[in-house]
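S.K.: Listed here are the chains, written in short residue letters.
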Amino acid sequence: MPEDIIVAQKVQKEYRRGREIIHALRDISLTIRSGEFLVIEGKSGCGKTTLLNVLSGLDRPTDGRIIFDQMDLTVIDERILPKIRQEKIGFIFQLFNLISTMTVYENVAAPLWPTDLSRQDIEDKAMDVIRAVDMVERKDHIPRQLSGGEQQRTAIARALVNKPKVVFADEPTGDLDTKTGATIMQLLRKLNQQEKITFVVVTHDQELIKYADRHFTMSDGRLSGGRR
Amino acid sequence: MQSYLVIMGWTLVAGTIMGIVFSWLLAHGRRDDIAVLKCVGWSNHDIRQLVLGEIIFITISAVLSIAILGILISGFYFATMVVLSPNPLGNPTVIVPAALNYILIRPDFITIALLAVMLVQVPGILILIWRTLRISPMRALTRPE
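Top to bottom, those sequences are chains F and R.
For reference, each letter of the first sequence is one residue, going 1 to 228 in my numbering.
For reference, each letter of the second sequence is one residue, going 1 to 145 in my numbering.
Just so you know, the hints here were simulated from the structure itself, not pulled from any lab data.
Backbone N, C-alpha and C fix where the C-beta goes; we use that ideal spot for every residue, glycine too.
Check the hints yourself; a few may be wrong.
As the list claims (entries may be wrong) - Straight-line distance between alpha carbons at most 20 Å, and here's what the computed EDC-like set of lysine to aspartate or glutamate pairs gives:
1. F:Lys-83 with R:Asp-33
2. F:Lys-88 with R:Asp-46
3. F:Lys-163 with F:Asp-205
4. F:Lys-163 with F:Asp-177
Unchecked claim - Where chain F lies over chain R, by a calculated footprint (3+ residues, C-beta under 8 Å):
5. 42 to 52
6. 132 to 140
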């Protein structure tokens, strides 16, 4: 029986915009099991990215608790959060967010630079994931020399280089054409099954639901569903 | 002497202002990259080291480049003066020491210049560090609508 990797309990997130209070997340409870491929679908502005921020510890909820790998992210010292992100979390972004002056190899290796790993270990780990996403021949190219699909594969390699427990993907196919988007989703699913990494994908695209073990729908800060 | 000090003072003030503007632009232009690095696990300490390392590297490179450029220009100027002079010095034992004295920049001058440049950079460096440490990793997840 897979363990629970993320447990969200009655999570609320409110923002103040002038005098108005925006309820971005309303009473969200969610359990994500280790190795699951979860898709959270919803329209733009429904609170998906806020939920992803809160689940990954980038932001703190106004109320409720987030237990990530048995650590309560809502009370943990903020100085520890980078270490948790470094060791247990990977991110994939809609716009890839590769550093434009770095090569594919450097972008992938960047999360490991502040660690105690030797140069050789960093190279070995980076090349392993570059191989896994089939980017070996492009490893010395900079992002503007790559297609959108290649940039996203590089971003996936960067997300996986630290062997994370959970990868959060925010609209991973949002900036890609349909065919390339499908290829990227198949790659994510393959990595999920091979490496047993938990994936949490947020998207507005209902097409991505077919890749999920479970999917939720988000609307106006509320979560519904959880169907397999 | 007094006018010399005034020029020095204004140069330092101008350098400080330029350092602050440069640092501000550097921090502004790299917000997205820094947010991404924070997302992938870089701590504020790591970011601070990166920023400081870059600034020290740029400063030393700039001072050395200017020193080399100064040597080349003064060398070219000296050579031109010798060639064009109606009464060439002629004897190499006279020319060579004169040329070296004229062309070479004394190491203590370079050290003083480097320290002065570092000094005027301090406010800019502090602003740069303050700005970069305030960047939220959430910035990496915000998308243009």
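S.K.: Tell me the hint numbers this structure goes against, listed in increasing order.
M.R.: Going through the list in order, the structure violates hints 3 and 4 and respects the others.
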